[in-house]
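Taking this note's numbering, the leading residue of the sequence shown gets 1, the next gets one more, and so forth.
Just so you know, not all the hints are guaranteed correct.
Said to hold, decoys possible - Straight-line alpha carbon distances no greater than 30 Å define the calculated DSSO-like cross-link-like pairs of lysine-lysine that follow:
id, residue 1, residue 2
1, Lys-128, Lys-115
2, Lys-400, Lys-279
3, Lys-400, Lys-208
4, Lys-204, Lys-128
5, Lys-208, Lys-115
6, Lys-215, Lys-13
7, Lys-280, Lys-115
8, Lys-13, Lys-208
9, Lys-215, Lys-204
10, Lys-279, Lys-208
11, Lys-280, Lys-204
12, Lys-280, Lys-399
13, Lys-128, Lys-399
14, Lys-215, Lys-280
15, Lys-128, Lys-400
16, Lys-399, Lys-13
17, Lys-208, Lys-280
18, Lys-400, Lys-204
19, Lys-115, Lys-13
20, Lys-399, Lys-115
21, Lys-280, Lys-79
22, Lys-79, Lys-204
23, Lys-279, Lys-128
24, Lys-204, Lys-13
25, Lys-279, Lys-204
26, Lys-400, Lys-115
27, Lys-215, Lys-128
28, Lys-79, Lys-115
Said to hold, decoys possible - Now the in silico label distances, taken between C-beta atoms and shown as ranges:
id, residue 1, residue 2, range
29, Cys-90, Thr-401, 21 to 31 Å
30, Met-98, Ile-55, 11 to 21 Å
31, Asp-134, Asn-76, 20 to 30 Å
32, Leu-59, Met-98, 17 to 27 Å
33, Cys-90, Asn-205, 26 to 36 Å
34, Leu-361, Gly-250, 21 to 31 Å
35, Asn-216, Cys-90, 13 to 23 Å
Hints listed in this document are in silico derivations from the structure and should not be mistaken for laboratory results. Using N, Cα and C, we set each Cβ at its ideal position, and we do this for glycine too.
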Amino acid sequence: MQQSWKAIIGKWKLPLFLLAGVGISRLGNFIYLIAINVLILQLTHSAAAVAGLWIMGPLASLLTKFWAGTLIDRLNQKKIMMLTVLIRACLMALIPLMSSITAIYVCLFLLSVAKAFFDPASVTYITKLIPREDRKAYNSYASLIMSGAFVVGPAIAGALLVMISAGAVIWLTAVSFIVSAGIMVFLPNYTVERTSAFHFETFKNDWKTVYQFSKNAPYIIMIVGLVYMLMVLSIGMDAQEVVFIQSTLGLSESDYGLLVSITGVGSIAGAFILSALSKKLSLRFLIGMGFLFTAIGYLIYAFSFSFWSVAVGFIIIGFFNSFSNSGFMTFFQNNVPGDMIGRVYGVFGTVQSLFQIVFILLIGFTGDVIPLRYTIISASLLTFIISLVLVVMVMNSSKKTYYMEASRQVNG
């Protein structure tokens, strides 16, 4: 028994380092998000200036991800992760020293650019570090950490803001990012393709490579495409969440804050159950049922007329988000070749960011022309229909090899 525990600890030592490094940075993200909103509101007293924060992420992704994948696949992913975390720490440390909103927005954009490198680099690195048969379990634990950070981060930020200034909170967050990078030092390096220089032809050929992979693996691309469509729709609805809850349903700001907390509790509960039962729940179940019940949660939310009906919808969304996210990430890592994950992730991330910006603006515009409830109902119905199509495709018995966890098959 003692030997088996030693074997387990030895097997999971490096993954635990990775979970700790990424987890601390995720927690820092949520603390920083609250603090930066407060700081900008204090500086500008403008709701529009605060709203501008939400455009920086998609805009940076749109301008970065289409070429970042080329670098990520050919450079050392561990060093990319560490460097981008340290860059973000330095940029965060500068923000409280600035009095110009323009300069702060430039920093925010660069922070989003660094994150646009970190995310695909971490996905690629996880694929190399974690064996195929352990990825579902790892992604389940990562989901639990993310859910915990989603709840604990804002709570820590709120407590700190009572005691110290928003700028000081941001400085503490920068320190947490430095700690995160320090933990990553203990992770192994992996050999990468040596490239003397990057030219336009390199990026052009990489897009052709992704296109060729898409032609040769249509089933994988259809699953990825459907999931990204669901993500775009859900983010679009989330962007109008506070308006829908306060203006359409007539609930208060405190009601909205409580609903967000309830969503977090549902997310932690789902992630905890997922991490405990990850070996018993199949990949097909996680993807199919995860996205289907998340869509059902959005339907309940769209047709809600009271606090409690919204709460039920939010609990379902939070609970099953952990299932869908972990399942899809494992599917992606298992079926996209490890040496081109950065490029595939980048290309699809670029397309997602473009549609995300368009859909957020579209849903905001239609909310001014027609009642917002009709817009949210339409988006939730479309989400439900796409999730049904996804369930049918995932549960197709002839495609079960794509969901095998013990051995790698040839993609196609």
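(request) Kindly indicate which numbered hints from before are broken by the structure, ordering the numbers from low to high. (result) As far as the earlier hints go, 6, 7, 8, 10, 11, 14, 16, 17, 18, 20, 21, 24, 25, 26, 29, 35 are violated by this structure, in ascending order.
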